[in-house]
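Trainee: Below, each chain spelled out in residue letters.
There are 2 protein chains.
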Amino acid sequence: MYKFETKNKKPLYVQLYEQIKEDIINNYQLEEKLPSIRKVMTTYNISKNTVEAAYSQLVIEGYIESFPKKGYLVISNEFQNFKTKDLDTKPYKEEEIRYDFFPAKLHKDTFPLKLWKRIYSKALDETIELGMYSDKQGEYSLRVELAKYLNHSRAVNCSAEQIIMTNGFADSLSILAMLFNNKIKNFSIEKPGYHVARKVFLNHNYNIDDIPINKEGIDIEKLQNGFSSLLYVTPSHQYPTGVTMPIANRMKLLTWAENTNSYIIEDDYDTELSYFNKPIPSLQGLDLKERVIYFGTFSKALSPALRVGYLVLPKQLIEKYKQEFIYHACRVCLITQKTLELFMKEGFWEKHLRRVRTINKKKHNLMKNQLEEKLGSTIKIEAQGGGLAILINPKVELNWQKLEKLAQKEKIKLHYTKERTNNNWQALMMGFGSFKEEEIEKAVSAFSKIWFESIN
Amino acid sequence: MYKFETKNKKPLYVQLYEQIKEDIINNYQLEEKLPSIRKVMTTYNISKNTVEAAYSQLVIEGYIESFPKKGYLVISNEFQNFKTKDLDTKPYKEEEIRYDFFPAKLHKDTFPLKLWKRIYSKALDETIELGMYSDKQGEYSLRVELAKYLNHSRAVNCSAEQIIMTNGFADSLSILAMLFNNKIKNFSIEKPGYHVARKVFLNHNYNIDDIPINKEGIDIEKLQNGFSSLLYVTPSHQYPTGVTMPIANRMKLLTWAENTNSYIIEDDYDTELSYFNKPIPSLQGLDLKERVIYFGTFSKALSPALRVGYLVLPKQLIEKYKQEFIYHACRVCLITQKTLELFMKEGFWEKHLRRVRTINKKKHNLMKNQLEEKLGSTIKIEAQGGGLAILINPKVELNWQKLEKLAQKEKIKLHYTKERTNNNWQALMMGFGSFKEEEIEKAVSAFSKIWFESIN
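Top to bottom, those sequences are chains A and B. For the first sequence, the numbering used here assigns the number 1 to the initial residue and increments by one for each residue that follows. For the second sequence, the numbering used here assigns the number 1001 to the initial residue and increments by one for each residue that follows.
Please note: incorrect hints may appear among the correct ones.
The calculated DSS-like cross-link candidates involving lysine-lysine, where the alpha carbons are at most 30 Å apart (straight line), are [unchecked claim]:
1) A:K278 - B:K1039
2) B:K1395 - B:K1413
3) B:K1033 - A:K278
4) B:K1320 - B:K1361
5) B:K1361 - A:K3
Just so you know, these hints were derived from the structure itself, not from any lab. Model, not experiment: these values are computed from the prediction.
Can you build the whole structure from these sequences, using the hints too?
Mentor: Rendered as structure tokens:
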């Protein structure tokens, strides 16, 4: 006899299904007949729907089958063990760190939390269609705001139609890697250069051509002798060396692209965090032949956790994208897009940029002063003036391994360009963005202690 | 003489920079000397910082350079035209449609807007670190909630460590395509099957092996004779035919995977929208040999616009992922993740599922009744009972082209499985999710008119 609990949260048919299943496994032979639906209804005083639902589930799971004139016969009585394992719900053991010099982190106070919450709420109040897939390039009205911004602040020459909103750098790059999949086999990158760009194109089976950089950015002569027709560069603030490519070289680069029918990916990742000069206008804006693909992001100046970046394609490529990426879904949360749109439209983005620049310029200067004061003549500053880190190298003989060992002991987290450049260049990245102003002095003090201990 | 406007919003140094630049282009010869910084300071009574900033910008842009003992000389006087184009800000012309039978859309009222807003706000109030990149697998605490849910509702056997939060189906697939990149060259898929899965693996240069399906899902014999070691299946609700794979075949499939060292991707995309049976437990839960990769999504039952999906990897693959995807950033907005975590933790997800099922079951039944009433014996129902569409085919001779032409004329948007299955199977997808209940009768009426006109 089956028993049913009315207080049980489980629907009646599930209770019935579970008990019959157990019954089949323990007591039934193959091809043995189950009681008819009517019989079960009357025996337990339950509805036809309930019994049918339970039987139907047993049919789907392959225990029973309905045969004409015979009724329901058992076709499998083997127990299917859905073992439920003890879930491991212990939280991560967080590594305890006193000072983390992470080179691409904003202090959490930098995010305009209250404002964002208010605008998010407003965005949700306006009619957002959350029931369906949104525009694969991202919301048109957000792209209009972005095009305006890029035009006046970065001299990027584009309309909303040319923009694709992405989840950030790797997403933007993957789209390109797939777009050029059958046409281009070789991918050129600055050496030293950003390892993620390299990695994504390697993952897509491209051959990689490392082009060395010099004091004016990528070595254009070497490029001209190379074999690639797709080049990744960071002309405004070379990653990681910080070099800015002069305008003469920009023109040469564009001529190279035009003559060789090549495309240039301009990654303008952190020009918004430029502390001493009006940022140099984009390479894309100089391009009259539609050879430059422009990459930007909201990760550096707003938040990397929102996952919003974008790319601007030349017109012929956006057509290709539209034809080939039919299935593509925009990967940015729609509400985030709408919030960002309002944020830009109401002028908060430009205000935010000014605020972030002011805050981080102060931190930059503090870090620089502290490094010069505490480490003095033992260091050479390799890159400064922008972004969220100052890059240094020893001018003395330093035991790098000892430094890292001491850092771990002292719970100081250090970051090296080697890890981010495919081992092609070494410098220490002294990130300042994640610290509060008043923490910087202490952080550098702690660092200088292990630094001097590591000098041979 | 340069002029400065104090009411001008532009900083003084930018005004100076712009005027000197114009001056250089119009009046200077190459190697001509600029006035010294001190001279400019005294002439215009402006600070040293201002002049230095303007000159430094001109240096960066490659117009001038500082030479020892000579001062600043012009090294380029060519005008760099940053033309700003008229931005195209006209909104999209929306295609005017009376009835859209889109097969994967929820009505916008289905989204729990007020609740989401409240929880989002709560999530933001708790300490969220928006200044940095978040966990590349997604937030641990969200994955704990998800593991619990998958365990008890889908009998998925996993812990939080095995889950990767993604932006949805294509993102999940791309991760796998890259993970298997050098080990596996062939990818098997159901025929007919979901075209996006095919497309993503094609984009990653895999060979595709189409395995026909029969009444019990994928043809296991054909699979055993194939050459692939990576298989994509939709065992609980085959896309697009709706077939459920019986348990006996599931066991055979697992045996095949075990014997051939293959992996099975189980895409459990819409089992949550199952209207008449308790959904059959996942294939993953039957797998004792770690051969099944489980795919799920929040797109079908919550919102495709939030962009949240996930995959569950067997332990040996999650280790491989951790080693190889060092640079990978989680592509889901952190606030969305935190909101979803609270949404699940506080029990709203299960409540929401019950509500969505109830609403859409009603719409499903209305659509089915209307189709039977209005189209009667002229149609065969190919698939029903789950998801957001009923699939039909004509039992009479139908002029498909005429139907499509009439549909366009009447502003009815029809959707065909051919478009979504690489042309491998034809049926009409009568989506009901996007309609309000009271619209369904009118929509089917309008449709039946053009249907009968298209019968030969």
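Trainee: Does each hint fit the structure? Answer for all of them.
Mentor: Now the hints, each set against the structure:
Simply put, K278 of chain A and K1039 of chain B have alpha-carbon atoms about 22 Å apart, close enough for the 30 Å limit, and the pair holds. At roughly 21 Å between alpha-carbon atoms, K1395 of chain B and K1413 of chain B fall within 30 Å of each other, so this suggested pair holds. Taking the CA atoms of K1033 of chain B and K278 of chain A, the gap is near 23 Å; set against the 30 Å cutoff, the hint holds. Note on K1320 of chain B and K1361 of chain B: the hinted pairing is violated, with a Cα-Cα distance of about 41 Å set against a maximum of 30 Å.
Only pairs whose Cα atoms come within 30 Å are accepted, and K1361 of chain B paired with K3 of chain A is accepted, the gap being roughly 29 Å.
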